[in-house]
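Peer 1: Chains as they are written, first to last, in the working numbering: chain A, 30 to 171; chain B, 31 to 608; chain C, 68 to 676; chain D, 850 to 1235.
Keep in mind that the hints were calculated from the coordinates and are not lab data.
Yeah, the Cβ is synthetic: ideal placement off N, Cα and C, and Gly gets one too.
Just to be clear, a hint being listed does not mean it is correct.
Here chain A is said to cover these stretches of chain B; the calculated rule only asks that three of the stretch's residues, wherever they fall, bring their Cβ under 8 angstroms from a Cβ of chain A [what the hints assert, rightly or not]:
id, region
1, 67-77
2, 139-146
3, 188-198
4, 287-301
5, 365-371
6, 448-462
7, 562-574
Listed below, chain by chain, are the residues.
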Amino acid sequence: MSFEPKIVAFLCNWCSYTGADLAGTSRMKYAHNIRIIRVMCSGRVDPTFVLKALREGADGVLICGCHPGDCHYHEGNYRCLRRYHLMQKYIQQMGIESDRLRLEWVSASEGKQFAELVDEMTEQVRKLGPSEIKPVMEKLAV
Amino acid sequence: MAEQEQRIGVYICWCGSNIAKMVDVEGVSEQIGKLPNVVIAKNYKYMCSDPGQDLVVKDIKEHNLNRVVVAACSPRMHEMTFRKALQNAGLNPYLFEMANIREQVSWVHEDKDFATKKAKSLIAAAVRRVSFHEELDKRTVHIDPAVLVMGGGISGISAALEIADAGKQVYLVERSNRLGGRVADLDVTFPYGHSARQLLEPMIKRVEQHPQITVFTECKVEEVFGYLGNFECKVIGKDGKETGIKFGNIVVATGLKNFDPSGMDNYGYGKLPDVVTSVEFEKMLRQGKIETKEGKIPQNVALIHCVGSRNKDIHEYCSRTCCMTALKYANQVTAALPETNVYDCYVDMRAFGKGCEELYANTSRKNVMFLMFDKEDLPVIKKTAAGDTCNMVVEMNEVLSGEAIEVPADMVVLMVGAEAHEDAKEVAHAVGVSMCGNDFFIEKHPKLDPVATTTDGVYIVGSCQGPKDIPDSIAQAGAAASRILATIAQVEVEVEVTTAVVNEDLCCGCQTCIKVCPYSAVTYDEEKKVSTVNEVLCKGCGTCGSTCPTGAIRSRHFTDQQIMSQIEGLMAMEMEVA
Amino acid sequence: MKGNSGEVGIYFLNGENPNAPPIENFSDLISYAEKLPGVKLVKSTANGGELNPNQLNSDIKQNNLKKIVLAGDSPGFYKTLFGKAMAAAGNDPEDVVVASFREHGAITADETDRAKAVLNCAVSNVPFEIAAVPDEVEVNPDTLVIGGGIAGIQASLEIADANKKVYLVERTGTIGGHMAMFDKTFPTLDCAACILTPKMVEVGQHPNIELMSYCEVKGVSGGPGNYKVRILKKARKVNIATCIGCGTCAEKCPGKAPSEFDAGTTMRKAIYIPFPQAVPNKYLVDAESCTYIQSGGKKCGLCMKVCPVPDCINLDEKDEEIEVTVGNIIAATGFKVFDAKRAEQFGYGKFPNVVTSLEFERLVNAAGPTGGFITSRTQDKKGNWVFSAGGDEPKSVALIHCIGSRDENYNKYCSRVCCMYSLKLAHLIKEKIPEADVHEYYIDMRAFGKGYEEFYERIKSEGVHLVRGRTAKVEEANGRLLVRSEDITADKLLEQEVDMVVLAVGLEPREDAGETAKMLDISVSEDGWYVEANSNTGPVDTFTGGIYVTGLCQGPKDIPDTVAQASAAASRVLQSISNGKIKKSIKDLPLSTIEAKVKELSTREGGAS
Amino acid sequence: MSERKRVDPNLMKEVKHYGAGDWNACFHCGNCTATCPLTEQDSLFPRKGIRTMQMGLKDKLAGSVEPWMCYYCGDCSTTCPRDANPGEIMMSLRRYLTSVYDWTGLSGKLYKSKALHIMVVTIIFFTIIAAFLIFARVPDLNSAEVSNYLSEMGASVPLNKFAPPDLISLLDHIQLIVIGLFLLTNIFNMYNKVILKDKTVKIPLWLYIKEIGAAFWNFISQWKFSKCERKTYWLSHWLIMSSYIIMFSFIIFFLGWFQTDKIHPISHPQRWLGYYVTFGLIFACVYYFIGRFRKKEQIFKFSHHSDWIFIFLLFMIAVTGILIHISRISGMVNMTYYMYALHLAFEVPMVFTFVAFSKWSHLAYRPFAIYLSNLKKSAKARMAKT
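Throw the hints in and build the complete structure from the sequences for me.
Peer 2: Here it is, written out as structure tokens:
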């Protein structure tokens, strides 16, 4: 059976999660590989969440927040952006391809964009193949 | 939590066939039933219906469940419904988690196996998460009966009167130097030609004389602090004079502004002297002088619809009022200048309001020629050669005849569309409402909650939410007023409790959280050398929580533990089925 | 403005509205006008067209008019004409005052007194709204809402949430109204049930709402602030309190009738629950189709035997009448759809696969006759044409706008929602049968609301054939339907063969709208819609104190506008309750009182306003 | 790009004088076009005609044949959502076009002024009467010549002595030539506006010949009209048309054979053809009279003065015609003369005002218009092929 990537997504409650819902109510079809976790604000996404997801066997992690300037909490998405750059450096240090982690802005009215984003990311990760972290960690554990 | 025995009930909704047709609900409930701590896993046609909710309540009592998971539509839709149900069953509403298997599964996927698989892992995740949920007690806040109304247009005025007439204090803040907004510029209104001044005057008079209304003209509202029932802000006058006010609810009625057609070359606005906007033309009508710049009576007047509206490059949306305004002009001109020919160039005649189609029918029986153009093939206004009977021609491809024609014109009126104010962003930030693509404010729900916003206690009415005519704006103002009056009548209302809280033992006093908090809800306690969160100001974004290096800050209902376990749940089920 | 400092000229015009009622004994009105202070000239013309500018100029000069009053049904569009003349005479064009009888509710011929009041106010520069203020009386804090559609639901919840008592009277067995029947809602496409049912549930559970389903208002007496309302409790024949909704009765019941909720596309039993999410979710008996009742108690009666709950069902139960006292009444009685049979050329009732939009809403709905599959009607064993999941999918569908609307032969007005719901249906067809051809025939595409134009564009991009041209007739041709229209933009005659035609039927006032209006003393427009107190500033008030109109009974509206209006009505109610007082009816305000008030104000303020 | 046409609201004001119909009310839903059984893919009407008129595209209107394609069944008007009455507008457009083709300008005047039309008719009427009073000499029955003539004819009334056929037919021919000249020039005018002015089509000579057949067939059968929903309209129209044609050819070409003092046996074609003609005319006229008075059916709701005068004259011609016949058979000598005079007194004004300048000219215009449109169609088809 072909490789089906597992992608964990953190969506902010106000823009991105609503956008994802809109994609749903508008019956737009997208790849099934994504698993959405709702947070109040992309600023809530703690780097440890990302690492946790990867460690638990996610092949990719997607973070979505409001467009710059639209954050329901004014600047949470900027915080997230800064952290994102650090996280990128960090995972690369750990030998994880940077393409496995993405931060994108999705507004409440961008259901279509969200659907396209998911498809695109899924393909991106599919190309990379399964993530090695989990097995490696398990080996180390033993 | 953990030591108490976990008894979780899981309910999977078919949502008719919305979910059931894409997700094998039976299979899912069976498999989920096997998960640790899951006491029962059921599926039902409509969980949101009365019987659906009764089912939950009944089970909680019978199987003394202490955690509930419902897998159905988006939590944005029904989380509240089921929290209520838990409450009715005497269970803390926060011991509940929803898995969104409709908007994010059955409606967006086409492969039943994958959809089912995804549904399973989402539910499994919810099950893990819910076992770490903790009881949270609703806090109630006192509602300050005073109300801030931003904007002194027809919507703002009616909202203010509506509330003040119920005996509540209203602060009405208007940025310009006079009340009345854009209606004050109108001559008469469609479809019956009632005098705008006559309808506005008594209202303004009442506002000014109303004991319960304080009017601030030429004033701006600085950033609003606080939360439902207890807002405060500074009102800053032109002269820099500051007034601090406190209030419990906010009505945003900042209206809209007219589109400026200077940017559109085909209409030559600003270059051709007798090409005027509807705003300018309204003034002419009001002063009873419909004249060209040379002071001549125009023999031919052309009205062009959809200027800046229904246009992919400018604003895609329809400005809703221009069509009827144009018909109004046609009537006024034919009445005032019996000899003058009127040409009405439109795209679709949107006469949808009460009495409007009738107005259209009556107008078309006058000396008015209706010409239709395609919204992707706009007319072009050109100067005529000297000696021609008219000063300008409007060149267009007429749709109803299929002819390439030119319309003689001594005066062209551009029916300019509406757009959001340039300071809409500021306002949005000041009061914390979100905006849609075209900078109009977003209502809480486009159908069932047209005036509320995602921020409790903040309401949007009138044209700042999207173009509107007078009666629709006034209706919305009334709607907001009723919400506010209802809240005030409750005196104390419950508020969300998913705020952040500092564990002082873990806090190292680095004060990073203070820097990141957008509401300055976190302060530093000099004695204890720790941060403390003002739960009243905190809006629970959780940014501090994820910044805190020691994990001293917990954002309630979104704790690290809860989210981590949710991730585990997700992946565990993934691995199992993979 | 300069006000009374000079002479006033009054011109009577019929104005723009050709169906404007002639004022009864017009001469009386004229002589009244002549007697008003400062009036120098009174003229009347059938319509403004006869006025010529030069004549006006000389009128003004000769009589040294400083102010002109335009009186009539809605003469406002002539304001500019007179303003021009005034300016020419060196006066202020703003000194042209519009005295619109319609604006202040003189919409029937016998409202001469109201017309006089309006005229008087205009002449003395006193706004009618300020001069004609009835005094206040105590108000009963309870409220009656008539109609359990989305408007009624919304209004009830608003008031109940303010801890005020509401009686919600609904004529059918469940609340929900038309909205509950819809599949998706435009333009966001969220399903109507998903967003409506929570509210219905809320109504059902709300401690402050007394839901009276299957009841009708029979009479209203008393006055503003204290109305006595007689309500007929139609015999439901099932005890709401004890019914557990198990459905055993319905299983056994032999009586059948077309389901109202499914717009007649399915059959329901004589004892039934209107639809799965109905509130209250309890059974009721339809006497018309009940064998027991029709046979006078001789036959059947099975349901009573099989019902597990002792004496829950009582087919002999009789209607009863109760009375409640309320301070305010909100009319949210809704609408009915245009009967497509009236427009024969479209073949509704003749061809089984010509369906109304409402029937189609049910057809596409997952809970509908085919479980959400779009199929053509096929003949069952008995030979009836029915929708069945087995039926074959239409390869091409035509949607025809403006059925019964924008048509002098039926209803002149635009029904406001048909364009958008047709676009929505077009989308649903494309979604469920992607390869299907969808042809949509319209006159003007009225996509005016928030996100509507964007939705329109989306539908275009989905490959729906949009034809500007009203369909003239639908005929049968080799087993399919032939839709004949002119495609105006393509400049050709279209004879489109399709498998199904969906008629976008317009909205009409209910048959009994008139009676209800009489009961509540609400005025009714030429079309039969309820008339609001002021088309601009009073979208929910009526001329009777404590009576409000909201939702579709006041005129066609989409859901958000209806909800907003419903809340607006609620705010009126809450206002009066929180003041403990309510204004009496403007209707009952005698002319003399208004005149006195006008005199007082104009002398106090020197008429300046 | 092609020259842009300038719109002109005055044309509509002009055309309004030619009839009823709520001219601007039309909001162009296309209902009328789609209702009409006669409208054709490449010549859509009524809507487009109304549009051209509304927008004041004079030349386009003058060059359009569509109004002639409509036989006025009224279905478009009954279902028109704006009560614009397209059927009547088409009728009015035909009147307008008639005046456009007429270079003398008389047509327009007759259509626009009822008084003028009646006046012209009465003047001609009395001129004819006067002519008889002055020139006609009553033959003396007692004179040998006349009695001999009568006996050899076996007749009792010497009408041909009173009004010699050769003289009458001479006058007829003069009349024919005069009227014919007007009509032909007008028809050429039409041809010019429809074909010559239209630069988009080139029509080869042979097509002209090829298309004649079809046009002629439609002329005698009115088959186009027969495609309308209500067949009675077609029948009555056909009756009146055919009767008139037969009568016309009698008078112009076979007067000698038709106007005989000798009473032929009933079997003789002269007799029964004559009866047919009279019946046809009277039946149709009565039918139209009743219809126009009752105003029930859509097509009779609006009656222009030209309609009234026309059927009145036609009716009188038929009545006097049959009266001549009766009085002659029953040997009422003077009566025959009077009737004959009246007959002509009704016939001449009718021919003069109507055939070239008013309603009756459609007898020539419509078939010709159909002919021209067929020409254009087949020419266009050919161009499309190549």
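Peer 1: How about the region 448-462 of chain B: do at least three of its residues have a C-beta closer than 8 angstroms to a C-beta of chain A?
Peer 2: holds (count 3)
Peer 1: Using C-beta distances, would you say chain A covers the region 67-77 of chain B, given that this needs three or more residues below 8 angstroms?
Peer 2: Per the Cβ count (0), the hint is violated.
Peer 1: With a C-beta cutoff of 8 angstroms, work out whether three or more residues of the region 139-146 of chain B approach chain A closely enough for the coverage to hold.
Peer 2: n = 5 at 8 angstroms, threshold three: holds.
Peer 1: With a Cβ-Cβ cutoff of 8 angstroms, does the region 365-371 of chain B contain at least three residues near chain A?
Peer 2: violated (count 0)
Peer 1: Within the assertion that chain A covers the region 562-574 of chain B, do at least three residues meet a Cβ-to-Cβ distance smaller than 8 angstroms?
Peer 2: holds (count 5)
Peer 1: Count residues of the region 287-301 of chain B with a Cβ under 8 angstroms from any Cβ of chain A, then say if the count reaches three.
Peer 2: Answer violated; 0 residues pass the 8 angstroms Cβ test.
Peer 1: Establish whether the coverage given for the region 188-198 of chain B by chain A is satisfied; the threshold is a Cβ-Cβ distance below 8 angstroms, and no fewer than three residues must meet it.
Peer 2: violated (count 0)
Consistency note: the structure conflicts with the earlier hints numbered 1, 3, 4, 5.
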